[in-house]
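J.: Next come the chains, spelled out residue by residue.
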Amino acid sequence: MTQLLVIFLAAAFTENILLARFLGMCSFLAISRQMKTSVGLGAAVVFVTTFTAAINWLLHTYVMVPLGIEFLELIVFIVVIAAFVQLVEMIIERFSPSLYFSLGIFLPLITVNCAILGVSLFMLNKEGFRFWESLVFGFGSGVGWLLAIVLMAGIREQIKEDKIPAGLRGSGITLIITGIIALAFVAFSGMIK
Amino acid sequence: MSFKDTLGGRALIGNLWRDNPVFRQVLGICSALAVTNLLKNTLLMCGGLVFTAALSNFTVSLLRKTIPKQVRMMVQVLIIAAYVIIVDIFIRAQFPEIHKTIGPYVGLIITNCIIMGRAEAFASKNPAWPSLLDGIGAGLGYSMVLIVIAVFREALGFGTLMGIPLPARDIWWYQWTIMVMPPGAFFMLALVAWFGNSYVLKKEGGAK
Chain D
-15 MTQLLVIFLA
-5 AAFTENILLA
5 RFLGMCSFLA
15 ISRQMKTSVG
25 LGAAVVFVTT
35 FTAAINWLLH
45 TYVMVPLGIE
55 FLELIVFIVV
65 IAAFVQLVEM
75 IIERFSPSLY
85 FSLGIFLPLI
95 TVNCAILGVS
105 LFMLNKEGFR
115 FWESLVFGFG
125 SGVGWLLAIV
135 LMAGIREQIK
145 EDKIPAGLRG
155 SGITLIITGI
165 IALAFVAFSG
175 MIK
Chain V
105 MSFKDTLGGR
115 ALIGNLWRDN
125 PVFRQVLGIC
135 SALAVTNLLK
145 NTLLMCGGLV
155 FTAALSNFTV
165 SLLRKTIPKQ
175 VRMMVQVLII
185 AAYVIIVDIF
195 IRAQFPEIHK
205 TIGPYVGLII
215 TNCIIMGRAE
225 AFASKNPAWP
235 SLLDGIGAGL
245 GYSMVLIVIA
255 VFREALGFGT
265 LMGIPLPARD
275 IWWYQWTIMV
285 MPPGAFFMLA
295 LVAWFGNSYV
305 LKKEGGAK
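Quick mapping for you: the protein sequence lines, in order, are chains D and V. The C-terminal position of the first sequence is numbered 177 in the working numbering, with every residue numbered one higher than the one before it. The C-terminal position of the second sequence is numbered 312 in the working numbering, with every residue numbered one higher than the one before it.
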């Protein structure tokens, strides 16, 4: 149990997928302009990373390793992610049209979000992960991404009206603020040994 | 007609400077920013990127009349993935030490927006030869930015270049650790975006 908690905290804070590993930057820079959409996309990312990490772990351990086809892991992972996102989209559309409309546009975006594939690849990099560890790692990573984009959206909404040098507007100032948030997150590194 | 005016020549040169995606929109940085704290890792990553961008563009272009419209995204992803696997296996075999640190990022070249973007925007509509050059241009233009960032980060953060200590190291320059940590990459990229945007704004302002 403690082990799982440590994995969660490490994935969400000390090894934050966005602030420490630079993954999912494209959608982060583009979407973080508004709080509401950021929360929506963040929630979708949490959901998808959790399950794709678990599915990919199962496939890797029980199919690819026994057959000796680990070199295909990239192709298998990307197909699993695309198929999973498509499936989730269909299920949500069928059972909860209101959620579909609020989340719907973000789901296709997620397939190309490198954070999702990144979580699966980093999961394999960690040795000795079993099923639950992988699931928690996926969940923690997603929560870390959600945290980062929500923080960013909050700050960007505050500085919307401020005077910023023309060349820094948009991506420039966002990257500087991301750097400062990342600096703050460095302070978490003492939390977990 | 000189090389510069051919379709392929324009694609190659335009991607290097005028339409450089990193300057203009800060696209496709995900998979590569993380490796910019050491120049050696960056060069390896850039080599992989240029290789993948060029050959996937070439292949997508050759198959552009064969691939049905509805499934073209999926086919493009699979073509890109095939080349990334080649790069991954090559790095794993030749540089096992480096592969341990940058391994997952090599796999992430698949989701790099620039490679997918060039395949969709250029290679799926143009002949094979210009597409190959377009891919090389996109890869090199992108590498240029990464190499600049890597040179600064390694020199300021470790006091070395390609692992070789610079003369000033430990004499009047001490390691600026923040540069090799993640925040340093964000600050460096912000500066690059600032210069790039200011340049574009100035040019557009001057044209009016």
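Simulated from the structure, these hints should not be mistaken for laboratory data. A virtual CB, placed ideally from N, CA and C, is assigned to each residue, including glycine. Treat each hint with caution, since some may be false.
[As the list claims (entries may be wrong)] These stretches of chain V come out as covered by chain D in the derived footprint (C-beta under 8 Å, 3 or more residues):
{"hint": "1", "region": "141 to 150"}
{"hint": "2", "region": "154 to 162"}
{"hint": "3", "region": "170 to 184"}
{"hint": "4", "region": "210 to 216"}
{"hint": "5", "region": "275 to 288"}
[To be verified] Quick list of in silico lysine to any residue cross-link-like pairs, SDA-like style, CA-CA up to 20 Å:
{"hint": "6", "chain 1": "V", "residue 1": "Lys173", "chain 2": "D", "residue 2": "Lys110"}
{"hint": "7", "chain 1": "V", "residue 1": "Lys144", "chain 2": "V", "residue 2": "Gly263"}
{"hint": "8", "chain 1": "V", "residue 1": "Lys307", "chain 2": "D", "residue 2": "Pro149"}
{"hint": "9", "chain 1": "V", "residue 1": "Lys229", "chain 2": "V", "residue 2": "Gly113"}
{"hint": "10", "chain 1": "V", "residue 1": "Lys204", "chain 2": "V", "residue 2": "Leu295"}
{"hint": "11", "chain 1": "V", "residue 1": "Lys144", "chain 2": "V", "residue 2": "Asn230"}
{"hint": "12", "chain 1": "V", "residue 1": "Lys173", "chain 2": "D", "residue 2": "Pro92"}
{"hint": "13", "chain 1": "D", "residue 1": "Lys110", "chain 2": "D", "residue 2": "Lys20"}
{"hint": "14", "chain 1": "D", "residue 1": "Lys110", "chain 2": "V", "residue 2": "Gly113"}
{"hint": "15", "chain 1": "V", "residue 1": "Lys173", "chain 2": "D", "residue 2": "Gln70"}
{"hint": "16", "chain 1": "V", "residue 1": "Lys307", "chain 2": "D", "residue 2": "Ala150"}
{"hint": "17", "chain 1": "V", "residue 1": "Lys204", "chain 2": "D", "residue 2": "Gly138"}
{"hint": "18", "chain 1": "V", "residue 1": "Lys144", "chain 2": "V", "residue 2": "Val252"}
{"hint": "19", "chain 1": "V", "residue 1": "Lys144", "chain 2": "V", "residue 2": "Lys229"}
{"hint": "20", "chain 1": "V", "residue 1": "Lys307", "chain 2": "D", "residue 2": "Gly151"}
{"hint": "21", "chain 1": "V", "residue 1": "Lys204", "chain 2": "D", "residue 2": "Pro149"}
{"hint": "22", "chain 1": "V", "residue 1": "Lys204", "chain 2": "D", "residue 2": "Trp116"}
{"hint": "23", "chain 1": "V", "residue 1": "Lys204", "chain 2": "V", "residue 2": "Met266"}
{"hint": "24", "chain 1": "V", "residue 1": "Lys204", "chain 2": "D", "residue 2": "Glu57"}
{"hint": "25", "chain 1": "V", "residue 1": "Lys204", "chain 2": "D", "residue 2": "Gln70"}
{"hint": "26", "chain 1": "D", "residue 1": "Lys147", "chain 2": "V", "residue 2": "Lys306"}
{"hint": "27", "chain 1": "V", "residue 1": "Lys306", "chain 2": "D", "residue 2": "Leu152"}
{"hint": "28", "chain 1": "V", "residue 1": "Lys204", "chain 2": "D", "residue 2": "Phe55"}
{"hint": "29", "chain 1": "D", "residue 1": "Lys110", "chain 2": "V", "residue 2": "Gly207"}
{"hint": "30", "chain 1": "D", "residue 1": "Lys20", "chain 2": "D", "residue 2": "Glu111"}
{"hint": "31", "chain 1": "D", "residue 1": "Lys110", "chain 2": "D", "residue 2": "Ile53"}
{"hint": "32", "chain 1": "V", "residue 1": "Lys204", "chain 2": "V", "residue 2": "Val252"}
{"hint": "33", "chain 1": "V", "residue 1": "Lys306", "chain 2": "D", "residue 2": "Lys20"}
{"hint": "34", "chain 1": "D", "residue 1": "Lys110", "chain 2": "V", "residue 2": "Met266"}
{"hint": "35", "chain 1": "V", "residue 1": "Lys307", "chain 2": "D", "residue 2": "Val63"}
{"hint": "36", "chain 1": "V", "residue 1": "Lys306", "chain 2": "D", "residue 2": "Gly151"}
{"hint": "37", "chain 1": "V", "residue 1": "Lys204", "chain 2": "D", "residue 2": "Ala67"}
{"hint": "38", "chain 1": "V", "residue 1": "Lys306", "chain 2": "D", "residue 2": "Pro149"}
{"hint": "39", "chain 1": "D", "residue 1": "Lys110", "chain 2": "V", "residue 2": "Lys204"}
{"hint": "40", "chain 1": "V", "residue 1": "Lys204", "chain 2": "D", "residue 2": "Glu54"}
J.: All the hints need checking, so say for each whether the structure fits it.
T.: Quick rundown of the hints versus the structure:
no.	hint	verdict
1	141 to 150	violated (count 0)
2	154 to 162	violated (count 0)
3	170 to 184	holds (count 3)
4	210 to 216	holds (count 5)
5	275 to 288	holds (count 5)
6	Lys173/V <-> Lys110/D	violated, 39 Å
7	Lys144/V <-> Gly263/V	holds, 14 Å
8	Lys307/V <-> Pro149/D	holds, 16 Å
9	Lys229/V <-> Gly113/V	holds, 16 Å
10	Lys204/V <-> Leu295/V	violated, 30 Å
11	Lys144/V <-> Asn230/V	violated, 34 Å
12	Lys173/V <-> Pro92/D	holds, 18 Å
13	Lys110/D <-> Lys20/D	violated, 34 Å
14	Lys110/D <-> Gly113/V	violated, 44 Å
15	Lys173/V <-> Gln70/D	holds, 18 Å
16	Lys307/V <-> Ala150/D	holds, 13 Å
17	Lys204/V <-> Gly138/D	violated, 36 Å
18	Lys144/V <-> Val252/V	holds, 13 Å
19	Lys144/V <-> Lys229/V	violated, 35 Å
20	Lys307/V <-> Gly151/D	holds, 12 Å
21	Lys204/V <-> Pro149/D	violated, 41 Å
22	Lys204/V <-> Trp116/D	violated, 24 Å
23	Lys204/V <-> Met266/V	holds, 18 Å
24	Lys204/V <-> Glu57/D	holds, 17 Å
25	Lys204/V <-> Gln70/D	violated, 33 Å
26	Lys147/D <-> Lys306/V	holds, 18 Å
27	Lys306/V <-> Leu152/D	holds, 13 Å
28	Lys204/V <-> Phe55/D	holds, 16 Å
29	Lys110/D <-> Gly207/V	holds, 12 Å
30	Lys20/D <-> Glu111/D	violated, 37 Å
31	Lys110/D <-> Ile53/D	holds, 19 Å
32	Lys204/V <-> Val252/V	violated, 24 Å
33	Lys306/V <-> Lys20/D	violated, 34 Å
34	Lys110/D <-> Met266/V	violated, 28 Å
35	Lys307/V <-> Val63/D	violated, 43 Å
36	Lys306/V <-> Gly151/D	holds, 9 Å
37	Lys204/V <-> Ala67/D	violated, 29 Å
38	Lys306/V <-> Pro149/D	holds, 13 Å
39	Lys110/D <-> Lys204/V	holds, 11 Å
40	Lys204/V <-> Glu54/D	holds, 16 Å
Of the numbered hints listed earlier, those contradicted by the structure are 1, 2, 6, 10, 11, 13, 14, 17, 19, 21, 22, 25, 30, 32, 33, 34, 35 and 37.
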